[in-house]
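All chains, full assembly: derive it from the sequences and hints.
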Amino acid sequence: MRIVHYLNQFFGGLGGEEQAGAPLEARDEAVGPGRLLEQLLGADAKVVLSLICGDNYAVEHQDTFIAAALEKIRAANADLLVAGPCFLAGRYGVAAGALCSAVQSKLGLPVITGMARENPGADLYRETLYIIDSGESAARMREVLERMTQFAQKLMAKKAIGSPKDEGCIPRGLIRDQFVERTAGERLVDMALAKVRGEPFESEMAPAAFAPVPIPPPVRNLKTAKVMLITDGGLVPKGNPDQIQASAATRWGSYSIKDRGDLRAEDYEISHGGYDPQFVRLDPDRLVPLDAMRELEKDGAIGELCDEFISTSGLANPLSNTRRMGREMAERAKSLGVDAIILTST
Amino acid sequence: MIGANRLVLGNGIVHVVGDAHISVDEEKKLRRQLVEKALAALQSDGK
Numbered sequence: 195m196r197i198v199h200y201l202n203q204f205f206g207g208l209g210g211e212e213q214a215g216a217p218l219e220a221r222d223e224a225v226g227p228g229r230l231l232e233q234l235l236g237a238d239a240k241v242v243l244s245l246i247c248g249d250n251y252a253v254e255h256q257d258t259f260i261a262a263a264l265e266k267i268r269a270a271n272a273d274l275l276v277a278g279p280c281f282l283a284g285r286y287g288v289a290a291g292a293l294c295s296a297v298q299s300k301l302g303l304p305v306i307t308g309m310a311r312e313n314p315g316a317d318l319y320r321e322t323l324y325i326i327d328s329g330e331s332a333a334r335m336r337e338v339l340e341r342m343t344q345f346a347q348k349l350m351a352k353k354a355i356g357s358p359k360d361e362g363c364i365p366r367g368l369i370r371d372q373f374v375e376r377t378a379g380e381r382l383v384d385m386a387l388a389k390v391r392g393e394p395f396e397s398e399m400a401p402a403a404f405a406p407v408p409i410p411p412p413v414r415n416l417k418t419a420k421v422m423l424i425t426d427g428g429l430v431p432k433g434n435p436d437q438i439q440a441s442a443a444t445r446w447g448s449y450s451i452k453d454r455g456d457l458r459a460e461d462y463e464i465s466h467g468g469y470d471p472q473f474v475r476l477d478p479d480r481l482v483p484l485d486a487m488r489e490l491e492k493d494g495a496i497g498e499l500c501d502e503f504i505s506t507s508g509l510a511n512p513l514s515n516t517r518r519m520g521r522e523m524a525e526r527a528k529s530l531g532v533d534a535i536i537l538t539s540t
Numbered sequence: 002m003i004g005a006n007r008l009v010l011g012n013g014i015v016h017v018v019g020d021a022h023i024s025v026d027e028e029k030k031l032r033r034q035l036v037e038k039a040l041a042a043l044q045s046d047g048k
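First to last, the protein sequences are chains A and B. Here the first sequence stands for residues 195 to 540, numbered as in the numbering used here. Here the second sequence stands for residues 2 to 48, numbered as in the numbering used here.
Worth flagging that the hints you see were computed from the coordinates, not collected in a lab. Among these hints, one or two may not hold up.
Below, computed lysine to aspartate or glutamate pairings styled on DMTMM-like, alpha-carbon distance capped at 20 angstroms [said to hold, decoys possible]:
1) A:LYS359 with A:GLU396
2) B:LYS29 with A:ASP493
3) B:LYS30 with A:GLU491
4) B:LYS30 with A:GLU489
5) A:LYS266 with A:ASP222
6) B:LYS30 with A:ASP485
7) A:LYS452 with A:GLU502
8) A:LYS492 with B:ASP20
9) A:LYS432 with A:ASP477
10) A:LYS492 with B:ASP46
11) B:LYS29 with A:GLU396
12) A:LYS420 with B:GLU28
13) B:LYS30 with A:GLU502
14) B:LYS30 with A:GLU396
15) A:LYS417 with B:ASP46
16) A:LYS420 with B:ASP46
17) B:LYS29 with A:GLU340
18) B:LYS30 with A:ASP493
19) B:LYS38 with A:GLU489
20) A:LYS420 with A:GLU502
21) A:LYS353 with A:ASP273
22) B:LYS29 with A:ASP273
23) B:LYS38 with A:ASP273
24) B:LYS29 with A:ASP222
25) B:LYS38 with A:GLU498
26) A:LYS417 with B:GLU37
27) B:LYS29 with A:GLU489
28) B:LYS38 with A:ASP485
29) B:LYS38 with A:GLU491
If you want a taste of the chain B side facing chain A, the calculated C-beta under 8 angstroms gives, among others [as the list claims (entries may be wrong)]:
30) ASN6
31) GLY11
32) ILE14
33) VAL15
34) HIS16
35) VAL17
36) GLY19
37) ALA21
38) ILE23
39) SER24
40) ASP26
Glycine residues also receive a C-beta, built at the ideal position from the N, C-alpha and C atoms.
Here it is in C-alpha cells:
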C-alpha cells in the first residue's frame, strides 16, 4: 500500500508559526506522526511521499499548492492520501480539506483526514469528505491515528461505512433510510417520556448546531476607524459581472465606490428574489447607504469609508455557503485595513 | 432577534435604510439617523 501523507510545518518538523510561510516540500518517506501512521497501517504499507507545507502558504496560495501537490501525488502512484490530523489548527484543517477534496475528485483516490469539529476545515468540507473527529488535543495523536487507519482500511477494502458515531467521524449531514421495528409515533413518545423523566435519549435528527461566534470588542475610536459597507440584499453592478446567484448564492463580490458620493440607479441591478426590488432599483443608497456614509466621513464621525463595498444575496442561503463567504469577506476586509463593518440586510 | 448583538432595526425589508413614501430630504435624514444608530452600536458593548 503506497501512502501519501500531508502535514503542516509543525508536524512536518520545519518549525512553528515562523515557518508558516514555507512552500510545499516533498520527502520520499514518513515524517513525524507519519512514522506511526505507517506502523499502524501494517507491514505492507509505506509512506512513499510526505508533503509538508506551511499553513499560511497553503491557505494564501491554495491553487498553486493544490496543483503542485496533485502533480506529486499522481507521480507517486499512491493508493491512499492521509492528511493531518489537524486537531484545532484552522489553516491546516482548511488546507487539508481542500487537498483531500481535490485528490478525491480529480484523482479518484481514497482520502482520509482528521480534525476537531470546530475546525473551520470541518465546516467547509464535512459534506464532501470523511473527517475523523480528532478532538482538540494533539496529545491524543496515537488514538486518532488508530481510528484514521481503521477507517482508511475500510475505505480501501470498500467495506460498508457505518454511521458517523460508529466510525468516529464528524457527521456529514447526510440522511439514510432504514427499516426499523417501531413506528415514528412510538419512538417519539419514548423520546418525549425520557426527556420528561430526565433520562438520556437520542434525537434521530440533530439540529444543526454551531459554536457561538464571540462578539468583538467595541470600536475604540470611530473617528479614526475605517468602516466598510456590506450587504446581503444582492446589489451588484449592472451586468452582474461575478454572476452572483439570486438564491443560495455561492459567490460574493467586492465593488469599488472610490470617489463616489452615492450609488446611481443606472450602475446597479439586483440579484436577489426575496424582496420587491423596485425601491432599491430607483435609489441603491436605500440598501447600501453610501451617501450617508460619505457625509459622516466628511463630518469626521468616522475616519474613512472603505472604497469598496461587498455584496451577495442572502436569500435561501444555507450555512454551508454563508459561513464560508462570511470568512472570505472578513479576510478581504482585514486585508483592506477595515476596523468595522455595517451590514445592511433585507 | 433574541440575543442578537449590534442589531439596528431598519425601515422595512424593501428599503432598509430608506423610505419610498417621504420626501427626498426626509429620506436622507432618516438614512443618516439609521446609519448613526449603527455607528453607535459599533461603539457599544453589544448586548
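Results of checking the hints against the structure:
1. A:LYS359 with A:GLU396: 12 angstroms, holds
2. B:LYS29 with A:ASP493: With Cα atoms ~15 angstroms apart, LYS29 of chain B and ASP493 of chain A stay inside 20 angstroms; holds.
3. B:LYS30 with A:GLU491: Since the Cα atoms of LYS30 of chain B and GLU491 of chain A sit roughly 16 angstroms apart, the hinted pair holds (cutoff 20 angstroms).
4. B:LYS30 with A:GLU489: 11 angstroms, holds
5. A:LYS266 with A:ASP222: 11 angstroms, holds
6. B:LYS30 with A:ASP485: Measuring from Cα to Cα gives roughly 11 angstroms; hence the hint holds.
7. A:LYS452 with A:GLU502: Measuring from Cα to Cα gives roughly 7 angstroms; hence the hint holds.
8. A:LYS492 with B:ASP20: Measuring from Cα to Cα gives roughly 24 angstroms; hence the hint is violated.
9. A:LYS432 with A:ASP477: Roughly 14 angstroms separates the two Cα atoms, so the pair holds.
10. A:LYS492 with B:ASP46: 26 angstroms, violated
11. B:LYS29 with A:GLU396: 54 angstroms, violated
12. A:LYS420 with B:GLU28: Cα-Cα ~25 angstroms, so violated.
13. B:LYS30 with A:GLU502: Judged against 20 angstroms, a Cα distance of about 24 angstroms means the pair is violated.
14. B:LYS30 with A:GLU396: Distance of about 54 angstroms is beyond 20 angstroms: violated.
15. A:LYS417 with B:ASP46: 17 angstroms, holds
16. A:LYS420 with B:ASP46: Holds, at about 19 angstroms.
17. B:LYS29 with A:GLU340: Violated - the C-alpha atoms of GLU340 of chain A and LYS29 of chain B are around 64 angstroms apart, more than 20 angstroms.
18. B:LYS30 with A:ASP493: Since the Cα atoms of LYS30 of chain B and ASP493 of chain A sit roughly 15 angstroms apart, the hinted pair holds (cutoff 20 angstroms).
19. B:LYS38 with A:GLU489: 15 angstroms, holds
20. A:LYS420 with A:GLU502: With Cα atoms ~11 angstroms apart, LYS420 of chain A and GLU502 of chain A stay inside 20 angstroms; holds.
21. A:LYS353 with A:ASP273: Answer holds: LYS353 of chain A to ASP273 of chain A is near 16 angstroms, not above 20 angstroms.
22. B:LYS29 with A:ASP273: Violated - the C-alpha atoms of ASP273 of chain A and LYS29 of chain B are around 64 angstroms apart, more than 20 angstroms.
23. B:LYS38 with A:ASP273: The given pair, whose Cα atoms are some 59 angstroms apart, is violated under the 20 angstroms limit.
24. B:LYS29 with A:ASP222: 66 angstroms, violated
25. B:LYS38 with A:GLU498: 17 angstroms, holds
26. A:LYS417 with B:GLU37: 13 angstroms, holds
27. B:LYS29 with A:GLU489: 11 angstroms, holds
28. B:LYS38 with A:ASP485: Status holds; Cα separation ~16 angstroms.
29. B:LYS38 with A:GLU491: Between LYS38 of chain B and GLU491 of chain A the Cα gap is close to 15 angstroms, so the pair holds against 20 angstroms.
30. ASN6: Since the shortest Cβ distance to chain A is 5 angstroms, the answer is holds.
31. GLY11: At 7 angstroms from the nearest chain A Cβ, GLY11 of chain B passes the 8 angstroms test, so the hint holds.
32. ILE14: This hint holds: ILE14 of chain B lies near chain A, its Cβ roughly 5 angstroms from the closest one there, short of 8 angstroms.
33. VAL15: 5 angstroms, holds
34. HIS16: 4 angstroms, holds
35. VAL17: At about 5 angstroms, which falls below the 8 angstroms cut-off, the nearest Cβ of chain A leaves the hint on VAL17 of chain B intact, so it holds.
36. GLY19: Because about 3 angstroms separates GLY19 of chain B from the closest Cβ in chain A, which is inside the 8 angstroms limit, the hint holds.
37. ALA21: Since chain A brings a Cβ to about 5 angstroms from ALA21 of chain B, closer than 8 angstroms, the hint holds.
38. ILE23: 12 angstroms, violated
39. SER24: Not OK, violated: SER24 of chain B not within 8 angstroms of chain A, min 13 angstroms.
40. ASP26: Since the shortest Cβ distance to chain A is 12 angstroms, the answer is violated.
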